[in-house]
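Protein chains in written order, with our numbering: chain A, 22 to 135; chain B, 69 to 184.
Careful: at least some of the hints might be erroneous.
What the hints assert, rightly or not - Once the Cα atoms are required to be at most 25 Å apart in a straight line, the calculated DSS-like pairs of lysine-lysine come out as: (1) A:K36 / A:K63; (2) A:K26 / B:K81; (3) A:K92 / A:K26; (4) A:K89 / A:K134; (5) A:K92 / A:K78; (6) A:K92 / B:K81.
Keep in mind the hints are simulated off the structure, nothing from the lab. Note that the structure is a prediction, hence the values are computed from the model and not measured.
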Amino acid sequence: QQQVKQSPQSLIVQKGGISIINCAYENTAFDYFPWYQQFPGKGPALLIAIRPDVSEKKEGRFTISFNKSAKQFSLHIMDSQPGDSATYFCAASIGSSNTGKLIFGQGTTLQVKP
Amino acid sequence: KAGVTQTPRYLIKTRGQQVTLSCSPISGHRSVSWYQQTPGQGLQFLFEYFSETQRNKGNFPGRFSGRQFSNSRSEMNVSTLELGDSALYLCASSLAGQGQAGNTIYFGEGSWLTVV
């Protein structure tokens, strides 16, 4: 019940296309859903995050869509660029203001072809 | 503002040895968490410290331990190393528990541990 399931495992998109990564969870106590981006040799960096009282959040080319009833959320990268090639992790936590514990999905390796 | 700093960045240890990894959080952050990253298991939560007390613990054996000092710096220790402990160990810090609404968890670049 603590799992977060992420798909696909890998994704290849042409430059300018839309990249979509999906995550699903079981624990309805989760109240914070961040996405992290990780480049080789670097630690994960927060990309965008959403709380369950919001169905969508957009920051630049990155959008999170959240479906509370389906217990699913997804990351959309619009106008994908080669510089977006990285590994993306969805995550979830309970009581985000009071914990440093995140449950991560398995990750998606994105390759954007020029 | 300096980010989360981890040392050493790379190390090689022999099976059966022990290792200590160090983490300096972002200034002002009192929550420090540790994660293990491997290709097979992904990113897994090890434990979290807040004000020198362990606040959360993941599902790892007792060989994995940590501590936090009064200046919020943290160390993690792995004893009796096994080949399967080879991984990237990530430290993260945040303002969790310090009365801030919302919370961003910041990660360091990690310590690469190879057990041979």
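We went through each hint and held it up to the structure:
1. Distance hint between K36 of chain A and K63 of chain A is fulfilled; the C-alpha atoms sit about 23 Å from each other, no more than 25 Å.
2. Distance restraint check for K26 of chain A and K81 of chain B: the Cα-Cα separation of roughly 33 Å exceeds the 25 Å cut-off, and the hinted pair is therefore not satisfied.
3. Distance check on the hinted pair: K92 of chain A and K26 of chain A sit about 11 Å apart at the alpha-carbon level, within 25 Å; holds.
4. A threshold of 25 Å between alpha carbons decides the hint, and for K89 of chain A with K134 of chain A the separation of about 33 Å lies outside it, so the pair is violated.
5. With a C-alpha separation of about 16 Å, the suggested pairing of K92 of chain A with K78 of chain A holds against the 25 Å cut-off.
6. For the hint pairing K92 of chain A with K81 of chain B, the CA-to-CA distance comes to about 42 Å; that exceeds 25 Å, so the pair is violated.
In this structure, the hints that do not hold are numbers 2, 4 and 6, in rising order.
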